[in-house]
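From just these sequences and the hints, can you work out the full model?
Number of protein chains: 2
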Amino acid sequence: MAQNTQTPELLDLTIDNITPNTIRINNQGENERLKYLLDRLVTHLHDFARETRLSTDEWMTALLFLTKAGQICSDVRQEFILLSDILGLSLLIDSINHPKPPNATEGSLLGPFHTHDAPTLPNGARMASDPEGEPMLAICTVKDTEGNPVAGVKIDIWETDSSGHYDVQHSDRGEPSERCILVSDEQGRFWFKGIKPVSYPIPHDGPVGKLLVLLGRHCYRPAHVHFMFEKPGWDHFITALYLRGDPYEKSDAVFGVKKSLVIDLDKVDKKTAEEYDVPEGTWLLRKDFVIITEKESLALRDELSTKALKDQGLKMKLVDHLPVPDLD
Amino acid sequence: MAQNTQTPELLDLTIDNITPNTIRINNQGENERLKYLLDRLVTHLHDFARETRLSTDEWMTALLFLTKAGQICSDVRQEFILLSDILGLSLLIDSINHPKPPNATEGSLLGPFHTHDAPTLPNGARMASDPEGEPMLAICTVKDTEGNPVAGVKIDIWETDSSGHYDVQHSDRGEPSERCILVSDEQGRFWFKGIKPVSYPIPHDGPVGKLLVLLGRHCYRPAHVHFMFEKPGWDHFITALYLRGDPYEKSDAVFGVKKSLVIDLDKVDKKTAEEYDVPEGTWLLRKDFVIITEKESLALRDELSTKALKDQGLKMKLVDHLPVPDLD
Numbered sequence: 001m002a003q004n005t006q007t008p009e010l011l012d013l014t015i016d017n018i019t020p021n022t023i024r025i026n027n028q029g030e031n032e033r034l035k036y037l038l039d040r041l042v043t044h045l046h047d048f049a050r051e052t053r054l055s056t057d058e059w060m061t062a063l064l065f066l067t068k069a070g071q072i073c074s075d076v077r078q079e080f081i082l083l084s085d086i087l088g089l090s091l092l093i094d095s096i097n098h099p100k101p102p103n104a105t106e107g108s109l110l111g112p113f114h115t116h117d118a119p120t121l122p123n124g125a126r127m128a129s130d131p132e133g134e135p136m137l138a139i140c141t142v143k144d145t146e147g148n149p150v151a152g153v154k155i156d157i158w159e160t161d162s163s164g165h166y167d168v169q170h171s172d173r174g175e176p177s178e179r180c181i182l183v184s185d186e187q188g189r190f191w192f193k194g195i196k197p198v199s200y201p202i203p204h205d206g207p208v209g210k211l212l213v214l215l216g217r218h219c220y221r222p223a224h225v226h227f228m229f230e231k232p233g234w235d236h237f238i239t240a241l242y243l244r245g246d247p248y249e250k251s252d253a254v255f256g257v258k259k260s261l262v263i264d265l266d267k268v269d270k271k272t273a274e275e276y277d278v279p280e281g282t283w284l285l286r287k288d289f290v291i292i293t294e295k296e297s298l299a300l301r302d303e304l305s306t307k308a309l310k311d312q313g314l315k316m317k318l319v320d321h322l323p324v325p326d327l328d
Numbered sequence: 001m002a003q004n005t006q007t008p009e010l011l012d013l014t015i016d017n018i019t020p021n022t023i024r025i026n027n028q029g030e031n032e033r034l035k036y037l038l039d040r041l042v043t044h045l046h047d048f049a050r051e052t053r054l055s056t057d058e059w060m061t062a063l064l065f066l067t068k069a070g071q072i073c074s075d076v077r078q079e080f081i082l083l084s085d086i087l088g089l090s091l092l093i094d095s096i097n098h099p100k101p102p103n104a105t106e107g108s109l110l111g112p113f114h115t116h117d118a119p120t121l122p123n124g125a126r127m128a129s130d131p132e133g134e135p136m137l138a139i140c141t142v143k144d145t146e147g148n149p150v151a152g153v154k155i156d157i158w159e160t161d162s163s164g165h166y167d168v169q170h171s172d173r174g175e176p177s178e179r180c181i182l183v184s185d186e187q188g189r190f191w192f193k194g195i196k197p198v199s200y201p202i203p204h205d206g207p208v209g210k211l212l213v214l215l216g217r218h219c220y221r222p223a224h225v226h227f228m229f230e231k232p233g234w235d236h237f238i239t240a241l242y243l244r245g246d247p248y249e250k251s252d253a254v255f256g257v258k259k260s261l262v263i264d265l266d267k268v269d270k271k272t273a274e275e276y277d278v279p280e281g282t283w284l285l286r287k288d289f290v291i292i293t294e295k296e297s298l299a300l301r302d303e304l305s306t307k308a309l310k311d312q313g314l315k316m317k318l319v320d321h322l323p324v325p326d327l328d
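Those protein sequence lines, which keep their order, are chains A and B.
So the first sequence is residues 1 to 328, counted in UniProt numbering.
So the second sequence is residues 1 to 328, counted in UniProt numbering.
What the hints contain is simulated information worked out from the structure, not anything from laboratory work.
Keep in mind it's a predicted model, so treat the numbers as computed, not measured.
Among the clues, some could well be false.
Identical copies go unnamed one by one, so any copy, or any two together, can satisfy a pair.
[Unchecked claim] In silico EDC-like links for lysine to aspartate or glutamate, alpha-carbon gap of 16 Å or less:
hint : residue 1 : residue 2
1    : Lys310    : Asp47
2    : Lys317    : Asp302
3    : Lys307    : Asp16
4    : Lys317    : Glu51
This is the structure in structure tokens:
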């Protein structure tokens, strides 16, 4: 019952005292991290309302926006990831959680279209079934920062079809298509037959699309292929490769493009065509990915977190790599 | 096409430059208020992520929380209002939008259980159908700050039944019950037969209820009756009256209680019993409400907004009573 004696009297709350009182009533549990998250959430939420003098109508509009966003979500649609994407939050979360040393491949955001049912295919397999797509051979490697190949990495790869839709966006989706999981070989190599990616609009028939219109923003992403790398002991690494010259290369609606991830496609030459069993002149994507270990990733994340929090003037300690107030 | 030339290059976005770039891309429209709201929203959202170094797992947990909140919403349930209520935001929004001079009745939050189908009843009518409720006669007046009665005010009144549920919380809800609309008479009077309100838990079988458990908070509201006053030219006024001595009087889960809104019930005496046609000894609620005009309300809101924004060091002007940056 110690809890009750700590509970503040919640009476006569005003614009000026509601924030500390909400934080105090939220502060009765044992989970230090959750308490810190709620402290910051409530502070920012209330400061937002105070700085904007948010009107009752605007507040209700926002609540109904969130309601509609929730209600359009389904097994194959995640409107809140889209919202996070277009507000730059997803880029920020990825940057905070998966910092990279200068010699590793940079990350990019997950987006809402990864699924967990991609088939594991042998290297060299065709992962795209769209007959309208322009065939593209991808020849890649995955190595560590010393240049050593990393074998046995599961690489989850997904892209749209030639109409700019992921398979899950088709109501009559059958088998997964334009997605697969490969495993890197002893030389760290993986390769597959896909299609040349195309630029496409993010789903814009819901509340997020309407918000983009209100903001005078377009809803397009430049052409890209997603890659996710998984191997025990290694950083869970999500990135994408973007095609140079795409009309949306410098205005990605979800802020995912990094210069180091922009690539030029080549054409398959005669020798490669024979080796990989594709027609000469097929589009060719080549990329050498450099991944880091989980230990390297966490150490770098901790180092950058500690520095950033100190720079923000926050007295924090890291517990399980996540900051909580340092009250000692 | 001036728009396009202003568009920043969105490339190589990082923890440090994502915020100004997101704000710039959101800043292409014409609506100054919307641009300011988005500027503040993005700034606070990103600062929240930077101060907490929000993990990918926490981010995904939050997105799924919002998804579930949206999906539990229905015609008769609004989980986002509940969320706003338990985070103190609703209290804040009401305080900002409906400030009261010292001689007017204070406001309280709307809550998620107002409906638009309450029947308009004559004064003196019975608005509660629950036979288990303890009968309560309410005799009220509505006046201006000079003490003059205000006639013709529509007063929307709603309370729970004796089990602590609003009618809409019963899946077999038929006619509206424990709710009505009255109209004040020439003397500013309105009166009705309801039931003694009881304390009750807010709906806690959804994500908001689970959050309260995680935070070590209870989900109860002290016994109260809601009142909403509407008349053209007068402030749209929402309040509630709370019973003194309720176990949750000082720990309302949604921060609604103000000392000036806490009342003692009396018992109906012989004379009143005859006058109002109720048994002697029936519970009696008496309250004189004081409302202000829309003009008074907006003037006070503007005055307080201007002062608060200045105190926050923000250079703003009010357009339609809402702040936008003053760039002149």
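Hints, verified against the model:
no. : hint               : in the structure
1   : Lys310 with Asp47  : between (22 Å within a copy, 14 Å between copies)
2   : Lys317 with Asp302 : within (10 Å within a copy, 43 Å between copies)
3   : Lys307 with Asp16  : between (32 Å within a copy, 13 Å between copies)
4   : Lys317 with Glu51  : between (30 Å within a copy, 12 Å between copies)
The earlier numbered hints are all upheld by this structure, with none contradicted.
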